[in-house]
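Visitor: What follows is the residue order along each chain.
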Amino acid sequence: MMCQQCGEKPATLHFTKIINGQKTEFHLCESCAREKGDILQGANDGFSIHNLLSGLMNLDQSSGSLHNGLYGFSTSKPAPEKLKCDHCGLSFEQFSKMGRFGCDECYQAFRPRLDPILKRVHGNVVHVGKIPKRGGVAMNQRRELEDLRKKLQESIELEQFEVAAELRDRIRELETTMKRPSDAEQA
Amino acid sequence: MSNQAFMNQPISDWMRGTGLDSDIVISSRIRVARNLHGIPFPLLATTQQSADSMERLMEVGQSSELSKLGPFETVKMAELNEMERQVLVEKHLISPNLANESRNGGLILSKDESISIMVNEEDHLRIQCLYPGLQIHKAWEAASHIDDIFESKIDYAFDEKRGYLTSCPTNVGTGIRASVMVHLPALVLTSQINRILQAVHQVGLAVRGLYGEGSEAIGNLFQISNQITLGQSEEEIMENLYGVVKQIIEHERAAREQLQQGSMTKLTDRICRSYGILKHAAIMDSKEAAQRLSDIRLGSDLQLLKEVSPVMLNELMVMTQPGFLQHIYNKPMNADDRDIYRARLIRETLAKGTAKSKENSHENQRIHQEEDQDG
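One line per chain: the protein sequences are W and H, in this order.
Residues 1 to 187, numbered by UniProt numbering, are exactly what the first sequence covers, in order.
Residues 1 to 375, numbered by UniProt numbering, are exactly what the second sequence covers, in order.
Worth flagging that the hints you see were computed from the coordinates, not collected in a lab.
What you are looking at is a predicted structure, and each value in this text was computed from that prediction instead of being measured.
Backbone N, C-alpha and C fix where the C-beta goes; we use that ideal spot for every residue, glycine too.
Here are the simulated DSS-like cross-link-like pairs (lysine-lysine), alpha carbons at most 30 Å apart as the crow flies:
1. W/Lys133 <-> W/Lys119
2. H/Lys306 <-> H/Lys279
3. H/Lys246 <-> H/Lys287
4. H/Lys246 <-> W/Lys119
5. H/Lys153 <-> H/Lys76
6. H/Lys138 <-> H/Lys111
7. H/Lys76 <-> W/Lys133
8. H/Lys111 <-> H/Lys331
9. W/Lys84 <-> H/Lys161
10. H/Lys306 <-> H/Lys287
11. H/Lys266 <-> H/Lys246
12. H/Lys111 <-> H/Lys68
13. H/Lys279 <-> H/Lys356
14. H/Lys356 <-> H/Lys266
15. H/Lys153 <-> W/Lys133
16. H/Lys306 <-> H/Lys356
17. H/Lys352 <-> H/Lys287
18. W/Lys84 <-> W/Lys119
19. H/Lys331 <-> H/Lys279
20. W/Lys82 <-> H/Lys161
21. W/Lys133 <-> H/Lys68
22. H/Lys161 <-> W/Lys133
23. W/Lys119 <-> H/Lys161
24. H/Lys356 <-> H/Lys111
25. H/Lys111 <-> H/Lys76
26. H/Lys138 <-> W/Lys133
27. H/Lys161 <-> W/Lys151
28. W/Lys133 <-> W/Lys151
29. W/Lys150 <-> W/Lys133
30. H/Lys246 <-> H/Lys138
31. H/Lys356 <-> H/Lys287
32. H/Lys266 <-> H/Lys306
33. W/Lys133 <-> H/Lys111
34. H/Lys161 <-> W/Lys150
35. H/Lys138 <-> H/Lys68
36. H/Lys111 <-> H/Lys153
Here are the simulated distance ranges between beta carbons:
37. W/Glu144 <-> H/Gln227: 30 to 40 Å
38. H/Ser64 <-> W/Glu175: 25 to 35 Å
39. W/Asp115 <-> H/Thr46: 26 to 36 Å
Given only the sequences and the hints, what does the whole structure look like? Please build it.
Guide: As structure tokens, this is what we get:
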């Protein structure tokens, strides 16, 4: 949800005002809310883990923007960042200010910039550990399918048609067992 | 009065049990963050989208698979008043964020309150399992099982390379926060605490106060938790935390020993002085209450105060919080009122403890007499 006031940044503050039974809802971004005044009082002094994170994210843009990043707003705009998530509309710039992703697709959209950030936070960039049971099955099948298609291509190029026919059958078989087609495109 | 079950008693049923090292470790908690695939995270979701995800997740909360684990109830944040939400926070069943800032927030709570599942907090789904004493692995087993139930019904946001995708980059990967709440009065008294907490930081763990991120360590209670969620497996995360907590327990035990041997009179004085003040004071602010309750908890652990039980102290810890205090006396209070009612509540609770222990000692005497007669 985007800020009602500026329409540019994601709304991170949601509040409801009830006066004489009249209910008004506001959805604002932090900077518009601050302009509106008195709302932010008592809301953890503006120094949370997310502010700290956004400081980390801005580090690799320009050395001067660290201070701005820490407090979430920059008056002097850093170099415009073109990365944007098509799914939820969040830009990398907005992400680096909020310190939070908008949706799961953001991870794909911001991939070129993500490794240094994750490295700083976790010291690692690749997941090890639990894999979803049901989702994991599809993932493994998808991986196998890609592998088979690659082999098929190779065998056709090498004119090994018998092998190719076998591979084609296995691909068909696998495709029918996979109920849902793969929806995560590999870039 | 509220008709919500969780308002009836200050401590959850699970807290009445004891676990390993429960003289030092109050509780172990696992929190698992998960999100729905393809739907904006709660922060960016439209009100309609967040209402939809709540419905989908609450449905799993009412499913037969989940109820195999025991009875659960589902509550929407919007159905609760402010005091009820605050009590949930004080009992560590929901986060302040879910209580105050969520849109279409929900809670799926097991009857013994050992499992609380938050909907539309910072992530779509946050599964939390609580166990008494040092039982991180058990808590993870329980959380992982519930995770599987949800995953069998909904598509998670998961990526082969990054793992479970979360709203905040600090949670991506396993999505796990494992934390242990420890009571370390002797390490504080002997001024060793800073050195130890520094070492804890150095091995990549975080130390927080009683109520999580940003909260002050009051009453010598500390929460120790993992920071890293990416690039370490769940088992590694838990082994690491378990190993560090075990060492902290040893240090705390050694410090308690040291105090008992080196300055027993001073220690007894401190404990009994706090006990006296708690039993008689007419005004008690929350900070002093936490400190003095910590003293008598130590006294109870060291068998110096036999009439004070750990369960009673766990109850007092929650009952003396602002939300619960107002709930018990059933009226809104300002800070000054609360200090007066807090003092009263502590006096009354401790008096009950004394009465009980007198009964027990009479009982014991009778038994001894009977034994004498037999002999």
